[in-house]
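Novice: Sequence:
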Amino acid sequence: MFTQEQLENMVIAGLWQLVKDWMIILKPMLPGIIAFLLIGLIGFIIEKGFLSFIYQYLILIGNSKKTAKKKVSKAKNIIDSVKIENDIHNTFK
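Counted the way the working numbering counts, the sequence shown spans residues 1034 to 1126.
Bear in mind the hints are in silico, worked out from the structure with no lab data behind them. Be aware that one or more of the hints could be misleading.
Here are the simulated SDA-like cross-link-like pairs (lysine to any residue), alpha carbons at most 25 Å apart as the crow flies [unchecked claim]:
#, residue 1, residue 2
1, Lys1081, Leu1071
2, Lys1104, Ile1117
3, Lys1102, Ile1121
4, Lys1102, Lys1081
5, Lys1053, Ile1067
6, Lys1104, Leu1091
7, Lys1102, Ile1117
8, Lys1099, Lys1081
9, Lys1081, Leu1091
10, Lys1116, Val1105
11, Lys1109, Gly1095
12, Lys1104, Tyr1090
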């Protein structure tokens, strides 16, 4: 009988051999598969107007970063004013 570790090693070796066998089969087809996927992706981008969507999304991100910076600076100003009010309040206690 085999131990648990020996069985695990045999399963791993078998799976690795299966992967190597499939890579031998798929390796010659890999450039064709990549070309097929790229052509499909380019066709999808052209058909759906995906580039304009990405462009609009990038503009939205840029605008949101600007507004976020403004909100952060306003929040910092509010925090500073609250700290000053607390200092004034603590001095007159």
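Novice: Please go over all the hints and tell whether each is borne out by the structure.
Specialist: Comparing the hints with the structure gives:
| no. | hint | in the structure |
| --- | --- | --- |
| 1 | Lys1081 with Leu1071 | holds, 15 Å |
| 2 | Lys1104 with Ile1117 | holds, 20 Å |
| 3 | Lys1102 with Ile1121 | violated, 29 Å |
| 4 | Lys1102 with Lys1081 | violated, 33 Å |
| 5 | Lys1053 with Ile1067 | holds, 19 Å |
| 6 | Lys1104 with Leu1091 | holds, 20 Å |
| 7 | Lys1102 with Ile1117 | holds, 23 Å |
| 8 | Lys1099 with Lys1081 | violated, 29 Å |
| 9 | Lys1081 with Leu1091 | holds, 17 Å |
| 10 | Lys1116 with Val1105 | holds, 16 Å |
| 11 | Lys1109 with Gly1095 | holds, 21 Å |
| 12 | Lys1104 with Tyr1090 | holds, 21 Å |
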